[in-house]
Each structure stands twice: as C-alpha cells, then as structure tokens.
Amino acid sequence: MRLIKTLAVVASLALPGAALAVQPDEMLADPAEEARAREISAGLRCLVCQNESIDESNASLARDLRILVRERITAGDTNEEAVDYIVARYGEFVLLRPTTGGWNWLLWGAGPLMFILALGLGIVYVGRRSKADAPTEAGLSDDERKRLEEILKS
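Going letter by letter, the sequence shown gives residues -21 to -1, 1 to 133 in mature numbering (1 follows the signal peptide of the UniProt record, and there is no 0).
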C-alpha cells in the first residue's frame, strides 16, 4: 500500500499539471469564459521564456498577460479582439503562430527562396566547371631541364 502511494505521488509530480501555471486567483468564475481565456493563452508566447505559452509559463510577465486576457474577456471582447489588443501592445512576437500576411511573407519565403538560389548557383558553377578547359601543365624549358639534371647529378 505504501508503494502505491509513493508511486502515485511521483506520478503526480512527473505529469504536467492540468492547471499548468494558472493560479487559482487568476481563474474566472464562469467556466465558459475561463475556457476561452485558456484557449487564447495557449496561442500567446511568454515574452520571457519565448518557447512556452503564457498558459504554461510561471514568469511574472506571463501572469500579467494571463490577467490581461481575462480582463479583456470580462470586458466583453471576443477572442479575436482580445488577441488583437495584446498584439497591438506587444507586437506580433507575442503570437506563437505568427501571421503570414504583410511583411511576414518575406520571412516565410526567405528560407525556400535562398535554398533555390543556392541550388541554382551550384548547378551553374558545376556546369561551367565541367565545360572549362582542363589546365595544361607547361613542361620544363631546355634550360630548366639542364639545370635539373645538374642538380640531380651532384
């Protein structure tokens, strides 16, 4: 029995918590609004951790953003309006999945474009190199040959 309790405690500590980093004092009373807040929070990046959503992060800035999301929801904002408000304050970097519009197309397309450019340049280089005349080695002049023989004989 003691082993089972120990394993249960270890398993509960090893598994990520269902509440993640959200503190009880942050939660909204209405379950539907809380679910909306969690949905929004899952798509927003913690500006401190950068690889976690604000829903997963324990950073104080993530907590402030979670509270801000809940304030916007209780103020009557839709999910899109709440996200737009936060993006207007913190920039698109706060989105875990940035948009593909505007100047972001340049960023999304730069990788494949550079690969295609490098591949084209490589093909042109190899093609020109294979068509180039092979370098010829000039033989030794008569004077050089005589000098070489003198050196080798001594």
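No lab work stands behind these hints: they were computed from the structure. Any given hint could turn out to be false.
To be verified - Below, simulated SDA-like cross-link-like pairs (lysine to any residue); rule was C-alpha separation at most 20 angstroms, straight line: (1) Lys110 with Ser120; (2) Lys132 with Ala117; (3) Lys132 with Asp121; (4) Lys132 with Pro114; (5) Lys110 with Gly99; (6) Lys110 with Leu98; (7) Lys132 with Asp122.
Unchecked claim - If you anchor each label on the Cβ, the simulated ranges turn out as follows: (8) Asn30 with Arg68: 26 to 32 angstroms; (9) Ala54 with Ala97: 19 to 25 angstroms; (10) Ala54 with Leu74: 27 to 33 angstroms; (11) Gly70 with Pro3: 58 to 64 angstroms; (12) Ala89 with Ile46: 34 to 40 angstroms; (13) Pro77 with Leu40: 38 to 44 angstroms; (14) Ser39 with Leu86: 45 to 51 angstroms; (15) Ser133 with Arg107: 44 to 50 angstroms; (16) Gly118 with Phe94: 28 to 34 angstroms; (17) Leu74 with Gly101: 32 to 38 angstroms; (18) Gln2 with Arg68: 19 to 25 angstroms; (19) Glu50 with Gly101: 33 to 39 angstroms; (20) Phe94 with Leu74: 21 to 27 angstroms; (21) Leu40 with Ala89: 27 to 33 angstroms.
A virtual CB, placed ideally from N, CA and C, is assigned to each residue, including glycine.
To see whether the hints hold, each was checked on the structure:
For the proposed pair Lys110 and Ser120, the alpha carbon gap of about 29 angstroms is over 20 angstroms, so the pair is violated. At roughly 24 angstroms between alpha-carbon atoms, Lys132 and Ala117 are farther apart than 20 angstroms, so this suggested pair is violated. Distance check on the hinted pair: Lys132 and Asp121 sit about 17 angstroms apart at the alpha-carbon level, within 20 angstroms; holds. A C-alpha spacing of about 31 angstroms is found between Lys132 and Pro114, which places the hinted pair above 20 angstroms, so the restraint is violated.
Distance hint between Lys110 and Gly99 is fulfilled; the C-alpha atoms sit about 17 angstroms from each other, no more than 20 angstroms. As the CA atoms of Lys110 and Leu98 are separated by approximately 19 angstroms, the hinted pair is consistent with the 20 angstroms bound. Proximity of Lys132 to Asp122 is assessed by CA-CA distance (about 16 angstroms); at most 20 angstroms being required, the pair is judged to hold. At about 21 angstroms, the beta-carbon gap between Asn30 and Arg68 misses the expected band of 26 to 32 angstroms.
For Ala54 and Ala97, the hinted distance range of 19 to 25 angstroms is not satisfied, since their beta carbons lie about 50 angstroms from each other. A hinted range of 27 to 33 angstroms for the beta carbons of Ala54 and Leu74 is inconsistent with their spacing of about 21 angstroms. Between Gly70 and Pro3 the beta carbons are some 30 angstroms apart, a value that contradicts the proposed interval 58 to 64 angstroms. Remark: the range hint 34 to 40 angstroms for Ala89 to Ile46 is upheld by a beta-carbon distance near 36 angstroms.
Between Pro77 and Leu40 the beta carbon distance is about 19 angstroms. The supplied range of 38 to 44 angstroms is therefore violated. At about 30 angstroms, the beta-carbon gap between Ser39 and Leu86 misses the expected band of 45 to 51 angstroms. Between Ser133 and Arg107 the beta carbon distance is about 47 angstroms. The supplied range of 44 to 50 angstroms therefore holds. The given range of 28 to 34 angstroms is broken by Gly118 and Phe94, whose C-beta atoms sit roughly 46 angstroms from each other.
Hint check: Leu74 to Gly101, Cβ distance near 36 angstroms, so the stated range 32 to 38 angstroms holds. Between Gln2 and Arg68 the Cβ separation comes to about 22 angstroms, which falls inside the hinted range of 19 to 25 angstroms. For Glu50 and Gly101, the hinted distance range of 33 to 39 angstroms is not satisfied, since their beta carbons lie about 54 angstroms from each other. Checked against the given bound of 21 to 27 angstroms, the beta carbons of Phe94 and Leu74, roughly 25 angstroms apart, stay inside it.
A hinted range of 27 to 33 angstroms holds for the C-beta pair Leu40 and Ala89, which are about 29 angstroms apart.
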